[in-house]
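In order, the protein sequences belong to chains H and V. Under the working numbering, the residue at position 270 of the first sequence is numbered 258, and the numbers go up by one with no gaps. Under the working numbering, the residue at position 58 of the second sequence is numbered 48, and the numbers go up by one with no gaps.
Hints are computed from structural coordinates only; laboratory data are not their basis. Even glycine gets a Cβ: it sits at the ideal position worked out from N, Cα and C. Worth double-checking, as some hints may not be accurate.
[Said to hold, decoys possible] Computed footprint of chain H on chain V; a stretch qualifies when at least three of its residues, placed anywhere within it, have a C-beta under 8 Å from a C-beta of chain H:
id	stretch
1	10 to 23
2	35 to 47
3	63 to 73
4	97 to 103
5	111 to 123
6	152 to 166
7	234 to 248
[What the hints assert, rightly or not] Reference excerpt, derived from the structure (chain V facing chain H, CB under 7 Å, subset only):
id	residue
8	89
9	93
10	146
11	182
12	253
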Amino acid sequence: MSARRHPYLLYLPVLLLGTLFIGPFLWTVGSSFKHPTEIYVFPPLLWPREMQWQNWQEVWIQVPFARFARNSVVVTGAAVVGQILSTTLVAYGFARFRFPTRDFLFMVVLSTMILPFEVLLIPQFLIFRELGWLDSYKPLIVPFYFGAGPFFIFLMRQFFLTIPLDLDQSARLDGAHSLRILWSIILPLSRPALATVAIFSFLANWDSFLGPLIYLNTMEKYTLPLGLRFFQLVADAGGAPREHLLMAASLTVSIPGITLFVVAQKYFVRGIVLSGIKG
Amino acid sequence: MQGEIASDIKGGSKLRKPASLKRQEAVAGFIYISPWLLGFLAFTAFPFLASFYLSFTDYTVVSQPRFAGFANYVEALSGDDLFWGSLRRTFTYAVVGVPLGILGSLTCALLLNQGLKGTTLFRVLFFLPSLTPLVALALLWQWIFQPDFGVLNFLLAKVGIDGPGWLSSIEWALPSLIIMALWGTVGGGQMVIFLAGLQGVPQELYEAVEIDGGGPWFKFRHVTLPMISPTMFFNLILGVIGALRVFTVAYVSTEGGPAYATWFYILHLYTQAFKYFNMGYASALAWLFFIILIAFTYLQVRASRHWVFYAGEQG
């Protein structure tokens, strides 16, 4: 193949693309360590003369960033747990039990995957308002305990189907209840699928903006994306340059996702590929 | 009971289960799927129908919904100045951004599929932008695009180009958002899906072309491209839906401006619903959006018959 004949030529576009992807990050990292006097200068400094490490601490003092981070952890954590729990139970039901209308109901699950949630946004808001859930985390958490996220149900069911039925049956012979079979046979074998669901659920909830924007009004309840937006508005309003702090804050919010990717790369690829190729 | 189950299993799965056991199994199945079933009814099915009903009413939250016939739809299609504009901008964003994104992702995937040394590292580098939370991405690019002190115009100045105002310019705000979206998506899921597609192309096909003396372009055009066309189709469908739903980045970096230059459809819907509380009208906007998405997806599925090749199918 051509790659084998001139491999070095191919490094050119790869390096170029790599620079395009990573360049903006480097600029952001550089900016986040700048001194305020190094922000509004032309030509811009690509890297600070002296690293201002305290910028990254400053962020936590200038805005209730610690509070936002804690809120994000609570909301994301609760949503991810709910998503894993309900996804597992529902997928188990679809994968291992025969009941009337099962195939029809599973088609319904699949068809909700293409339903844009903007269509449901307004009535959902009105329902949660009726329930008195506005300005609380419930609208951001509770649906995940009720099987929100059809794609994850699909993914988990597909995975359960690959586990041989014989395992269930021999356990049933020993008198195990179906919940026991799920817990001690199916789940231990499903760790890769569980990890995939956990990772993608985490990323989606951590990044979630429109939901919190609609449901949370009190600043103390903001999650990190809303907090960042709040910080941006505050920063824009003042006269002194705040871009270095905004950049430090943006990077801070990005770190969990990036870390997760670096440590669990193979689950990312698996999850994306499962969604893409078999979907 | 236990004995029955045991004998049933020993007898092999071909044997019919007794009716009571079948019922037991069905009940258990329903119990397991019940979280989804309840959630579906409460948070999907009911809102779906309610949204349809509300779209025919005048409802501003403070009073009861008043039936208004097709007034909301008429208003959207013929009275609302921002409706067609926002639709046009959203389509421009998708029609320009999605093909560029697919081209970029495919290029990245092809390069990573050459077995170069350091591929793993490059894959990580390419993937990183897609992990940036959208609000962070918007803030990061706002600073890059900063007309006077940003790095982009500085680099452009170095090669003799007087950079535009980017996000603050009426002409350049929409292209700026497309650039941001490309940076955030090209090396992400789309690329990984292409990679998997490329790895699924049977090696024998390439070898066959080599025996016939075909070059790299011939291989790409007549083997790779047809073989990965289903992957491309999938990316296209998801890409278009994603692009038409653009909201967060525009909300954070331009708030739809300047002079409505980036006022996208969902931004319009959001503003009508949650700023002006025109819930009836916004529901009509939501339903029109739903119809547009379905129509667009349907058209793409129709068109795909002419260019998507499924290896398992005959002729």
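Exercise. Which earlier hints can't be squared with this structure?
Worked result: Violated hints: 3, 6, 8, 9, 10, 12; rest satisfied.
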